[in-house]
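Enquirer: Each chain is listed here by its residues.
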Amino acid sequence: MLEVRGLEVRYHAAVAVEDLDLHVGEGEVVALIGPNGAGKTSTLLALLGLVACRGEIRYRGRLLNGVEPEERVARGLVLVHERRQLFGEMTVEENLLLGAFARYKRGERRLKGDLERVYALFPRLAERRRQLAATMSGGEQQMLAIGRALMARPRLLLLDEPSLGLAPLIVREIFGILRRLKAEGTTILLVEQNARAALELADRGYVLEAGRVALQGPAAELRENPRVVEHYLGIQGEGSG
Amino acid sequence: MDPLIFGFLLSDGLISGALYALVALALVLVFAVTRVILIPMGEWVVFAPLTQAVLLEGRLPATVWLSALLLLVWAALDLRRGRTPLLLALAAALVVAAGYLGLAVPALAPLVAILVVLPLGPATFRLFFEPLPGATVLVYLILAVGLHFVYKGLGLAFFGPEQFGLPALLAGEVAVLGLPVPWQGIMLVLAAGLLMASLYLFFTRSLFGKALRAAAVNRIGARLSGISVREAGRVAFLLATGIGALAGVLVAPLSNASYEMGFLLGLKGFVAAIVAGLSSYPLAVAGGVLVGLLESFSSFFASAYKEAIVFALLLPVLAWRSVSSLELEEEE
Amino acid sequence: MIALLLALLLALPWVLPPFYQTLFVFYAIAALVVLGLHLLTGLAGLTSFGQAAFMGVAGYTSALLALRAGASPWVGLLAGLAATFLFALVLGLLTVRLKGHYLPLATIAWQVALYIVMGSWVALTGGRTGLSDLPAVAVFGLELRDPRLYHYLAWGLLVLYALVLYRLVHSRHGRMIRALRGDAVAAASFGARPPELKLWTFVIAALGAGIAGWLYVHFVRFVNPSPFSLEASIFYLIMAVVGGVGALPGAFLGAGLLTGLEQWLKDLVPLVLGKSGNYEIIAYGLILVGILHLAPRGLWPWIEARLPRRTPPLPEGEGLPPRAEPLPEGPLLVVEGLTKSFGGLLAVNGLSFEVHRGEILGLIGPNGAGKSTTFNLLAGVLRPDAGRVVFRGREITGRYPFETVRLGLVRTFQHPHLFPEMTVLENAMLGTYPRTRAPMLSSMLGLDRVEERRAAAEAYRALVRVGLAEKAFLKAGALSLGEQRKLEVARALAADPVLLLLDEPAAGLRAGEKRALAGLIRRLREEGITVLLVDHDMELVMHLVDRLVVMHYGEKIAEGPPEAVQRDPVVLEAYLGGAA
Amino acid sequence: MRKGLVWLGALVLSVALAQAEVRIGVTLSATGPAASLGIPEKNTLLLIEAGKLDRMPKGAKVRFFILDDGTDPTAAVKNTQKLIQENRVHLIIGGTTSPNSLAMIDAVAEAGVPFISLAAAKAIVSPVDEKRYWVFKTPQTDELMSQAVVQDMVARGIKTVAYLGFNTAYGEGWAREFEKAAKAAGLRVVASERYSPKDTSVTGQVLKILSRRPDAVLIGAAGTPAVLPQRTLVEKGYKGQIYQTHGVANPAFLKVGGRFVEGTLLPAGPILVAAQLPDAFPSKRVALTYIAAYEAEHGVGSYSTFGGHAYDAWLIAKGAIERALEKASPDDLAAFRKALRDAIEETRGVVGTHGVFNLSPTDHLGLKFEDAAVIVRVKDGKWVLERSFR
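Chains as they are written, first to last, in the numbering used here: chain B, 1 to 241; chain S, 242 to 573; chain F, 574 to 1153; chain X, 1154 to 1543.
Just chain B, with the same shape it has in the complex (with noise of 0.2 angstroms):
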């Protein structure tokens, strides 16, 4: 599904990610797991194509170099962003309807039942669907974060930091909700700190220190492995800015 070789991503002088392999299969989930700043997000913007970057990024077959973001989305790699980047001043049900823009574009005007499915997963959404969205609280955001990327059919969706600021009870539904997702079939590729409840939903993980792939394997196997235990799995896995 999504083959990247030799990422490199810089700002200004400062390298963000470098020489980066990855893979993710169909249907597969993968966690890409490593402390602040070491290059998980940058990754995940490069593949979007919302920064610039060197290597190559190979999707579902084809060359994904100088393809638009937009463009990219339309093709079904959809991005749920750390900070969410929800349109405040518009209403969940607007933001869920834009979320859906590049399908509707290509006049797709049968939206009802997409709304729908995702009003299911989160009940939440579907009371609040007039409210603003900058109202809400934050795990409410995050879902509708999540909601808007369904809403583009995703072939892969790229999850970034989906427990980033929650409350535990929060995270924990979060999580339940990207388990019936997996379950579901959805492919995902998943960035996250808090990486035991990752590993915990993931098939395969990497651990990205100082924006190189520092491990990899099976989730299995990085929950058992002793550097990942001490760095990333005890009470101080949790914590975060």
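Hints are supplied without guarantee of correctness; some may be wrong.
Derived pair list, reagent style DSSO-like, types lysine-lysine, alpha-carbon separation capped at 27 angstroms [unchecked claim]: (1) X:Lys-1214 x F:Lys-839; (2) X:Lys-1389 x X:Lys-1284; (3) X:Lys-1333 x X:Lys-1312; (4) F:Lys-839 x X:Lys-1351; (5) X:Lys-1521 x X:Lys-1284; (6) X:Lys-1205 x F:Lys-839; (7) X:Lys-1471 x X:Lys-1214; (8) X:Lys-1392 x X:Lys-1312; (9) X:Lys-1333 x X:Lys-1392.
Source of the hints: derived by calculation from the structure; they are not laboratory data.
Given chain B, put chains S, F and X in place with the hints provided.
Expert: Structure of chains S, F and X alone, referenced to chain B:
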């Protein structure tokens, strides 16, 4: 003051205000989506009636060729990027055909004029602004000033220095509360209102309109939703040119038109747009009406200092708006 | 190099063809205005559409004094600058506090208003028809009528103004002005008072325009409002942007190029297109657009990138004097009942703790615990709803950061708030701002050399301490994340901190870098600096700190040495309860 | 036949080579707010350069350097310097507007170059002091034209009058001179308003004027922007007499003005109605010749009075060049400039399109009122001679 004079000044201010409001709306739209302060807007506003006037004189206006040329250059750029620019080539042909149609059927001249001017906006965006994504507001502004020079120079070359008189689309006057007001003015105000209402509907009801708003408020969020910010920019320019050209065609029979009038019109629209913080559409309309009224009344009381009064009175408005705006904007 | 340029400048009028002598005078006049814009727009980030109006204020003042009172142009210069100063002060007070787009519009507003007054107050100004027969400037009885002589006057004043500006830009004030634009919070954290600095910037830029206006009227010896119009102001802004508004040579480049361009087009366009003419403005616009497409940041940065770079000598010598006053007894920092809510959501609720002298205290907690809010409350970026903060025995609750930094309460930023266009050393020197005293005027006159040298030495020493010495002259934008964090610390050290507030200093660092950072923080403690550390990197925190304060949902849930806190069941619940 | 032509060409060429080159620098407002004045001036000089209007002065080959100043005084000064220093011209013609001409005075006086201005203000040539020693002009002064308007108003029994003019040097000059002349003649000026040529509405000013109920309104504007106030006056029901100034005397004004400007009175140089002048009118023949040549190039009805000023400047210059050539060689720059200045000042009895020029050391314009001004009425979309002061 004599209530009759008051009434006249009021109606004059409202008519001018409607014009400035339209220009301000277009400027706000373009700025919100692209961060371009569209100085050449004023030129496009006058290009439309000037094109119409030349058509009515039985000559093919040079704007037709300009429009077609820009569209073809755009098409050539697309071709280089490996796309087939069939629509653009067709549009270029259409513009030329419309020009000849306007010659043959003078009644259609106003419509043709708007159609001819319409491609200038999006083509300008495509050729001059799109290649510089992410430039600062200041660089875009200077770029816009450069284009203003170009269009102004072209205006002089195409239309000459003199004004053109245009026939009213709807001649005559009508009494409003005992006050004679020209139909054309009422048409302008009505058209402004209608345009605003349809823009409102477009932005709140249509998913395309919402996408445009989305691109304006959150560019990254928009791209994540598959909304192309570039396309949004082109659409914003297209709408702005359309609004401007329509405003121009409607106001010209009241005021005559010359290539030079554009800048001042644009400036006043810009003032109204700033009063709205370059972000709020209803406030842009209010700002336009405010500028129109200020201008009308100050031209009665102290015509020599008219602009000075309009701008000086804006300072407190600005201070108030600045204090009451919550967001800490980037200073550029 | 500079001597060569000066010699060229002196010889120029005698080698140039006659018309270019005149053109060079207009060049100097334009460059004066554009230099002001370089400071105002390029460095302080305030876009002004009103510089030509200031030219008019000074020009008309001098012209009227000469015609109505027979005053010498030199008196006119002083009076003109005084008038410009007053206008700029009043307009500046009205303008510089405006936010975002309101500021440029305000400049348009008074530009237009002043222009119309110049044109419409016929009795005073002669209206649009203008005033003619103005006197020439005379030096020791020699009237400067020949453009070759005026050249020296104009360029002399220009070079003087450029020197003053150069001194200012490379002084403590200049660094702050530049910092202000990128990041007012960071600037204020090192002692700057944003509105005041902006106002002076505004006035200094206006004075440049004032000199230009005076030069203009006594060169042309005729004055009417048209050279002081909005269009003229826009032309100066174009020059600034085309040359590169962020650099001093850019002002010279832009002013020279566009002054010339206007003339060359007058010659060239008719040649190319035949005599029918009027196409100059189109060509002008197209060239402008072309330049911006080639070099969106202006021509000078484009050229500079192609020039060889010279490394200045390393700063040496004595640093700044250390803090003299002794610390009072008792805890260094006392926080009592600190409370802050955002829209009804309690971010920090009744938080109390103390920081003792010479310790490293860690403040930790899970996501959303209120650590960042607490940090910002202590740093003065946010104001608490209730509670108080006492530092060194003085209450500092709700004080601005530019006040507390002088007391020795110095912070770093989680996401480095550095200025990528400034060198590493300049970034570090920002830290010395609260410790240096030179007022703006003495900086402009170059009287701050000794203090500047010591500030540079001090900043360099701080760079040595964090291990960045060899990168001192690189642009900060070229640093890696780890180096940027070191620079954050170095800048704080340059401020001679008593209490150092570190906001997640280890985020994003590699293992080796983290160890180095921990070593550095320990060394600082040994040097007597107290550290308050907010971080979530447990490895770092646990091995480094003396004590921990743990927050959860805005409240303190535990306090004590790391080993004890690690076993605290409440802490464990807070951290683990939320895991999936 | 063809051979003969070749010979003739060779002959002309050899004569030309033997002739001295006299350089005339021109700076005009061919763009900007005064473009409607500057463009006919420029066209006229281009016609002269092309030899389609007049012969060249005997014994000299004349070269023109024509620059545009965009109606900006700074640009006019820069142009002047450029012409003097770079093109080493012997004479400068131009300065379409009064500020531009005034701004140029210092530059020409400094360099000692004679200058024939094409702008209206009296201050350009009066008083003839050390600097204005070098400055001449051909257009009637605002004062002279105001005189014509005021005399016509008095003759019609008008008592009160309002002024509505441009907020430019043109409108300002008219305001000053007209109000002075009106007061002197016992007229009451009940309102004096301004507007911008780029304004889209002048309702406020017109209402103010209407509220003062003047017998007549004078609109001090140039070109087509002069239509809007008149149109607004008419639309708001003003029934008094409306006057315009000679600045509107171009065909575009009539076209744009249409029915709104019907019946307007304006002062103008006699050239505007040349064909209707009595044969005894001195400038009639010259004016007709000029108009015929201009219209041949630019179309029937295309001429304006402003081009006439440029032609008059040329006529004065032509005679003076011939006389100066006897005193100095154009190769000696300073001497020839001085000789040319002296020759211009000695101009006597040169019949131009706007009158007869008799210059003297104290009068650098040299037009007589009765020769230089007529009152014209707009009738059926045409200029019709209403009154002559002879």
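Enquirer: Each hint needs a verdict: does it hold in this structure or not?
Expert: Evaluated hints:
no. : hint                    : result
1   : X:Lys-1214 x F:Lys-839  : 24 angstroms, holds
2   : X:Lys-1389 x X:Lys-1284 : 48 angstroms, violated
3   : X:Lys-1333 x X:Lys-1312 : 15 angstroms, holds
4   : F:Lys-839 x X:Lys-1351  : 26 angstroms, holds
5   : X:Lys-1521 x X:Lys-1284 : 24 angstroms, holds
6   : X:Lys-1205 x F:Lys-839  : 25 angstroms, holds
7   : X:Lys-1471 x X:Lys-1214 : 11 angstroms, holds
8   : X:Lys-1392 x X:Lys-1312 : 15 angstroms, holds
9   : X:Lys-1333 x X:Lys-1392 : 25 angstroms, holds
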